[in-house]
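Engineer: Residue strings, one per chain:
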Amino acid sequence: MSEQLTGAQALLRALELEGVEIAFGVPGGAVLPLYDPLLDSSIRHVLARHEQGAGHMASGYAHASGRVGVTIATSGPGATNLVTPLADAYADSIPVVAITGQVASTSIGYDAFQEAHTWGITAPCTKHNYLVTDVNDIPNVVREAFHLAATGRPGPVLVDIPKNILAATMTWQGQGTIDLPGYKPRGEGHHKQISAAIKLLLASERPVFYAGGGLVRAEAAEEALTFARAANLPVVTTLMARGVIPDSYEKHLGMPGMHGTYAATMSMQRSDLLVTIGARFDDRVTGKVAAFAPDAKVIHVDIDPAEIGKVRNAEVPIVGHAKAVLKQLIAELEKQLDGDPAPDYQPWIDTVLGWRDDNPLTYDQRPEGPILQQYFIDELSRYMGDNAIVVAGVGQHQMWTSQFWKFERPNTWVNSGGLGTMGYAVPAAVGAQAAMPETTVWAIDGDGCFQMTSQELITAAIEGFPVKIAIMNNGALGMVKQWQSLFYNGRLSGVDLSGGIPDFVMLAEAMGCVGMRVDNPADVPAIIEKAMSVTDRPVVIEVVCDPDEMVFPMVPAGGSNDDVVLNKQGLK
Amino acid sequence: MNHLISVLVENKPGVLARVATMFARRGFNIHSLTVGPTAEEGMSRMTVVAETPEVEQITKQLYKLVHTVKVTEFEPGQAVVRELMLVKVNADPKRRSEVLNAASVFDATAVDIGSSSLTFQVAGTPESLADFLEMMRPYGVSALVKSGRIALAKNSKTKAAAGT
Ligand SMILES: Cc1ncc(C[n+]2csc(CCOP(=O)(O)OP(=O)(O)O)c2C)c(N)n1
Ligand SMILES: [Mg+2]
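These protein sequences, in sequence, are chains A and B. Here the first sequence is numbered in the numbering used here, starting from 595 and rising by one per residue. Here the second sequence is numbered in the numbering used here, starting from 93 and rising by one per residue.
These are calculated hints, taken from the structure and not from any lab test. Beta carbons are placed, not taken as given, at the ideal position from N, Cα and C, and that holds for glycine. There could be a bad hint or two in this list.
A few chain A residues that don't get close to chain B, going by computed Cβ distances all over 10 Å [what the hints assert, rightly or not]: (1) Pro631; (2) Asn734; (3) Lys786; (4) Asp889; (5) Met1030.
In silico negatives: residues of chain B with every beta carbon more than 10 Å from chain A [unchecked claim]: (6) His95; (7) Val147; (8) Ser208; (9) Gly240.
Which chain B residues face chain A? A few, computed with CB under 8 Å, are given here [claimed, not checked]: (10) Ala109; (11) Arg110; (12) Thr113; (13) Arg117; (14) Arg118; (15) Thr126; (16) Gln153; (17) Tyr155; (18) Thr160; (19) Val161; (20) Val173; (21) Arg174; (22) Glu219.
Working from the sequences, and respecting the hints, build out all of it.
Structural biologist: Shown next, in the form of structure tokens:
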């Protein structure tokens, strides 16, 4: 047991003991002592082309698998390049552990070469972070970092280790221990609150199950569906929760909010009880808070007490793990029903299903083109069934993917919801593919987003991750263009990407991928077929799209959800 | 409005920065902040007086910090609150005894005597410190420093902030 190891060896041993199989990173001076023993470790290292890519890969890996994603960077610029993916993972509660090298502890504070105050820079965008100053602390710090990343409300944790600490020797005493007296995430909810919640539910007339991304993180999909069925609840799933309740669930109303379906947004708006689990009343869901769901009482289940009452007061707050609380709610419902059938919530259910049937998401694809993104996504979703993981960038294409993809399972939808990080899709798709080698991973990306991190396709090609990327080329930073068109009198400023540069097909080929282009709606099914036939390399399809199409429904920013605009004609 | 928040934290590097950042992030001004050891090994208590429009959210977010063990907001009357102050008062030899006389009404101790000034140490409630200053102003206060408030719950009348 009492083996002599370097700090770097101890770090790798500790990571292996956490079950880490793969790490995404870029080396540099401060992590040289780590990259040497990495050659002898069972951990596979994937060399990203940029640390931002490495960080999003770790997050895509975690998104798709539920396991902790690991990323490695050197000091200074390596660490600062990780800031965006850390902030992204923090906003979406994604479990990631970042290991960064630091200049020697004796040089910290001397403005040494490639010194950055990584701890200070990353403290506000991580759940927790460490600066290791004693080699003997490494096993405990790694243990704690993984525990913190994966439990409670998950999130990114950064471990900054000076080069001399990585090189120092220590006596390995076994896996570290966790000593965090201030960190005690709740499991079950308080039984009195559970009983109050069900009482309120049974007394309500217009309930809506407001399902959030916390359900995905809590691996509570099965319980969520069981509860929805048992209680006869209509369901809305937020952007982060798409797939956690299958879209095929008979009372699924879709995604609520700014670009949500009419039925989802309006059902919340007219509800008298929001059964909120793992959701956080984000401004993209509520619109103008003062006008949001004015008649609704709120049951709010969250593992993070700071979310409860933050935006909207909760009549029944329940702090607990969504999976455990749902089990309690299911049991309590059965108990209070005492053999009676659950309320049928008529005429409410008929009303909301009527809204759904009368206001479906639609698009008008003209046979002569141009291709509408909605049409391409719809076709691709139909082709893939529920046998794919779909990743998105940020913008119009993301909203259309969330709207038109048919989600049936959790962890099949990977996107940057909270931070809205352009450039997320390509590296996140690589990470998702690394986690799920047997599953087809599609990224629906924007032409703008793609140009932010496209170089990670080189990583994908070289490391053998055959992801499929569909670039929705509308020749614009489309979402910004939409806002300028609608709210700035059509004065387009800084949003033009048209002109055919770069040539996406050539670019894809140059990066070791198969490049294709489609611009005729009739060719869409064939190009999907063709892309699916490539299995040994990444594929990039440039989908030449309508440059002027806009995302609807839309609640103008800061507006009330009562004023949802259904289509272009609905605009004043 | 000023709130008095007592935060029990693990005594770890960076914990002060984390707590301070919680206030800074939202642009809340910290009026005073003290940190020191507690009866319990490895724990520190921070007493923060800060101007916050609402206090519930900030206490919950303080709880979220991994090294935070307990957060208590003291409403007026719920805690024993004390502060220490050093004040340098102008006092040439002619007025020295007058100043000393005035100071003796308070629990003030002269801790340094210069040719033209006296330095007092005053410990007490924030109100009594303010009264002392009021009394000394006419003589001329040339410097002062305060320790920041410290507070301990009276009996068991406090309510721990939500989130335990
Ligand atoms: C890193 C970053 N910079 C800027 C933005 C602001 N922004 C949001 S959507 C968008 C346009 C995205 O363009 P594109 O990828 O082409 O997607 P589209 O909306 O055209 O589908 C921009 C610039 C952002 N979300 N992230
Ligand atoms: Mg675009």
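Engineer: Could you run down the list of hints and mark each one as holding or not?
Structural biologist: A quick look at each hint next to the structure:
no.: 1; hint: Pro631; in the structure: holds, 27 Å
no.: 2; hint: Asn734; in the structure: holds, 12 Å
no.: 3; hint: Lys786; in the structure: holds, 15 Å
no.: 4; hint: Asp889; in the structure: holds, 24 Å
no.: 5; hint: Met1030; in the structure: holds, 31 Å
no.: 6; hint: His95; in the structure: holds, 17 Å
no.: 7; hint: Val147; in the structure: holds, 12 Å
no.: 8; hint: Ser208; in the structure: holds, 42 Å
no.: 9; hint: Gly240; in the structure: holds, 23 Å
no.: 10; hint: Ala109; in the structure: holds, 7 Å
no.: 11; hint: Arg110; in the structure: holds, 6 Å
no.: 12; hint: Thr113; in the structure: holds, 6 Å
no.: 13; hint: Arg117; in the structure: holds, 7 Å
no.: 14; hint: Arg118; in the structure: violated, 12 Å
no.: 15; hint: Thr126; in the structure: violated, 19 Å
no.: 16; hint: Gln153; in the structure: holds, 5 Å
no.: 17; hint: Tyr155; in the structure: holds, 7 Å
no.: 18; hint: Thr160; in the structure: holds, 5 Å
no.: 19; hint: Val161; in the structure: holds, 4 Å
no.: 20; hint: Val173; in the structure: violated, 24 Å
no.: 21; hint: Arg174; in the structure: violated, 26 Å
no.: 22; hint: Glu219; in the structure: violated, 33 Å
Violated hints for the displayed structure, listed by number in ascending order: 14, 15, 20, 21, 22.
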